[in-house]
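J.: Listed below, chain by chain, are the residues.
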Amino acid sequence: MNKLKNKCSGIDRRDFLQVGLGALGGLTLTDVLRLRAAGKASDGKDVRCIFVWLDGGPSHYETFDPKPEAPDGIRGEFGTVKTAVPGVRFSEHLPNLAKAFDTFTVVRSIAHDQNNHGAGNHYLTTGRPTPTPVGCGAFVTFHPSFGSVVSHERGLRDGLPSYVSMPQMSRSGGANFLGATHAPFVISGNPDGKGFRVRDVSIPKSISEGRAENRRALRENLDRLQRINDRAANDPAVSLDEFYEQGYRLVYSKEAQAAFDIAMEPEKTRESYGRNDFGQRLLLARRLTEVGVPFVSVYYGGWDHHTKIFETMKKTALPKLDQGMAALMTDLKQRGTLDNTLVVCLGEFGRTPKVNKDTGRDHWSFAMSVMAGGAGIPGGQIVGATDVKGYYANENVYRPEDFAASLYTKLGIDHAKLLHTPVGRPVQLVDKGRRIKELFV
Amino acid sequence: MRRNLSIYLLFALSVAGGAADLSFRNDVLPILARAGCAAGSCHAKAGGQNGFQLSIFAYDPASDYREIVHGARGRRVFPAAPDESLLLLKATQSMDHEGGRRIEPGSDFHRVLREWIAQGLPWAATNEVSLTRIEVSPGTGRYGRGAELELKVTAHYSDDSTRDVTRLAEYRSNDEAMAIVDHDGRVTLGGQSGEGVIIVRYMDQVGNARVTVPGERRLPDSAYAGLPIRNEIDKLVYARHRELGLLASGECSDSEFLRRASLDAVGKLPTPEVARDYLLDFSADKRAKLIDELLADPDWADHWAVKFGDLIRPNTQRVGVKPVYLLDGWLRRRLRENVPYDALVKELLTASGSTHQYGPVAFFRDKREPATAGAFVSRIFLGVRLDCAQCHHHPSEKWGQDDYYRFAAFFGSMKRKGQGISAPISGEPEYWWWEPGGTVRHPVTDEVMPPRPLDGVAVEIPTEKDPRSVLIDWMLTPDNPFFAKAIVNRVWGEFFGVGIVEPVDDFRESNPPSNDTLLDWLARDFVENGYDLKHLMRRILRSNVYGLSSMPNETNAADRRNNARSLRRRLPAEVMADAVASFTGTPEKWDGLPPGARAVQTWNTRMSSTFLDTFGRPDFSAECPCERDPAPTIVQSLHLMNSDELQSRLSAADGRAAALAAGDAGPEEIVRQIYLAAYARPPTVDELRVASGAFSGDGVSRQGAIEDIMWALINSAEFVFNH
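Those protein sequences? They're chains Y and P, same order as listed. Numbered by this note's numbering, the letters in the first sequence go through residues 18 to 458 in order. Numbered by this note's numbering, the letters in the second sequence go through residues 130 to 852 in order.
In case anyone wonders, no lab produced these hints; they're calculated from the structure. Some hints here could point you the wrong way.
Simulated crosslink set (SDA-like; lysine to any residue; CA at most 20 Å straight-line) [as the list claims (entries may be wrong)]:
| no. | chain 1 | residue 1 | chain 2 | residue 2 |
| --- | --- | --- | --- | --- |
| 1 | Y | LYS449 | P | ASN179 |
| 2 | Y | LYS337 | Y | ASP209 |
| 3 | Y | LYS434 | P | GLY176 |
Using the sequences plus the hints, can you model the full thing?
T.: And the structure:
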């Protein structure tokens, strides 16, 4: 019953926090703060990732790869805007990102051959094509997602979920053979709403501090199933004790609790991200990565613009994206955490050059633009290009595997690593991935 | 390295004399395999490595030959100047090679490869022989802890010649704690007793050596004399314990048995009333009565439908909602009727009709190709993982591509009509039926593969006969080596937390059962009793070993495979959700299910539930069969500690806490009731004192105290685990 040691000895919260954090291996919240001050981690082992998923496949024309010279019927209705870098222009509806271009790179030349949502989702969120063809509407997983792999490789610490997904998991965002431990911790709900809380990480609002203390004491005194202390017995009840210790560390950690509470953010900052669900999720993602969550995925759906693409994109989709992402990049830079935070923003493919009869664009996997910043990625850089009409990526063409290899490398994970399925089959994390070298200069 | 050099020296000498006639298949490929060139992580991975691709485990020699001789515009081999061949330069790292030096310059391997190139790259020797089998010696043996032994591997060829291939074979231990093996077949046994297997692979042949380490400290017969024997299971388990020096732990308490058996058999916590009655029943046969009641409980079917559903229920996003709903309904109905297991499987595998009218057809809609259907049937119903052999020879077992495609051929003449898969809706019906015509071909040789059962002889099937019925007939022969064993092992695994063969669907010679006489007996008993699942469960539940304590004694703490104590298991997602709902008195509301429905009645994994997702329900995107991760996780603990949902269950106006608070029972009586509901036992004197103390805190309401105690119990190991 060694778990009962220290239990009733009157340690107060502050002591508990210090003991807990000091006793932990790996990085702790205090380390995080120290790192934040120092600003840089060299081997990627402490780089966190904010993965912004534009589900449906955003048009490259209307975002980062406008083609003002293309003929009518391809060019689209939008004008362009100058960016911080002379000669580079974005869609006119991304004015804030154009100004903040010094904080990120745009890769305009990722291309692949999985032209439907089911397969494209799988390819761009796991780095692997599906082994058999799947349909457009398919929700499939054949390989662990980026977030699950990062959770698996980094391990859990401080009681923090290691892979958070808001407000839902993307189709192929699951852990596959890595098991439920590495499935995403889904935070649903709208952080812009009143009374929003990150689920499960804090004591319920209706429970007072004193009552929470009573409960904790009761649990410690009443959890009497005898533990098997012989390590060889591999008693799962012993791991449970470890989880409760971590859980209490989290619940009583001021830093962690502050991070979960988006209301602590100054109103000015909240406004800068946009007072909407997406903007506030990005802000929450920043707060979560700061406290040590290694991978946060922000799902933003609705980019499958087969109809009325110009009307819908300019009305809400692009303004929200522009304001939120620009604020995130600028904020990270100002806080000195850009160097240990990788931010990527993409969907499953680009969209067709020709505007269709419904004023929409259809799926087009032969060219897509990916925004990537932080973690040492140069600002103000365009990588690769599509042809003058935007049909095909034709300069420095990269594949989703290369994107995956780059992401893993930035996070200090060997992308060529072999994982083993429960059957023992060796599976390479990324097959024949080459780093996108321009992201590593 | 030294002991087999002689063969190679002899060989090389004859090569130098120009007499030997080399063969790509028998002389060159083995060297490439042994040097690691054809490893799954190197040139044999999908797509090869740097443009050079070999087949994994050399399953396709003709393609390997083409790749070496004609690939890369012929730069890999130069018969006119063998030493300039890329194959040699890279392998010896005389030229930059990412894989490093695989072959020492001047070694026997090097000389053989060089000579083969110089001979003009012969595909076959003049009198080409084929490898028929390998022999590993010693094949079995009993050894002491820490013993060392050397294996010898002999290849046998079609002309009855043999060759010592010890230095060319690959070795792997199935359990590193039992034995480790080096590159050259030298085995060192570990420090524990039990059975280990060394898997030996040479080209497309697999053999193995079994090593048995008897318990060092055998216990005297008297140690076993007093152990209760309730049925044959106990005798067979104890017999194994004797061999291994294990002794069963003592029996668990009545409360533990009641809770354990209820959770395992019907997925429910016993109600306080049931618990009280059981504990106050002093009749000798109360356990047997309880077991009969559990097996007759109408909820039995739903609990087992979740388990079978994990195996056969397709992704609704793939085959459509209606087919899955119908399949689920069919499964639950058949389980409620307790149809014999053989009839259940037969009905599923021989189904025809509309996916929108008859549930089992969903299986064919999902496993659309003969190969996927075959691999699935083999794994789920025969416990044999043939999947590997789709692309290459199974790495640790005898199964090859022939076996795979010949088994698939039983499904080779299925016909379909209709729209097919159009995810995510797949809304239109599809019709599946059997009709003569249609074949399965070998992907490498393109030969037509006549149907052949596993380990069986090819069967002649008259054209007017559905091959599926022939397959079923074979599966249902009473002495079928796979069918009954696979299911009894699965069921055993559900009740004990570990199969007799583990993983439960991975039967192979190189993964032996922990107790083969027990497995044989269970399978025979199951068949003799009409494939009755409830009969099997009754046998298990009535055994003494099912009712052992989970606390170890000095012999069995480290043992997980031999049922010498009960293993603690986290409640599975649906059972846990239902346990929390029943304990708090707040039934869950499920979309599309009637009020009061339980989590074990949810029929697809897309039905929204944070609780079920947190506790490891399969990912709805996954293609089943779905493995569940049984481990407890931090996220689960956080959910039980902090979730608003749990708090609202505790404080619900119509929940258990409110009812207890509104009643006139005193604190001690309330605590007693809570303990019965959570743990199926009364509190100890000390627990009663501590828990009742919750009522007397400052500013604590009566209901608040009850909620707090209930919260504490839900968050305890005794609740979360079946123990």
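J.: Given the hint that Y:LYS337 pairs with Y:ASP209, does the C-alpha gap stay at or below 20 Å?
T.: 13 Å, holds
J.: Between Y:LYS434 and P:GLY176, is the straight-line Cα distance small enough, at 20 Å or below?
T.: 16 Å, holds
J.: Next pair to validate is Y:LYS449 with P:ASN179; report whether the Cα-Cα distance is within 20 Å.
T.: With a Cα-Cα distance of about 9 Å, the restraint between Y:LYS449 and P:ASN179 holds, given a limit of 20 Å.
In this structure, none of the earlier numbered hints is contradicted; all agree with it.
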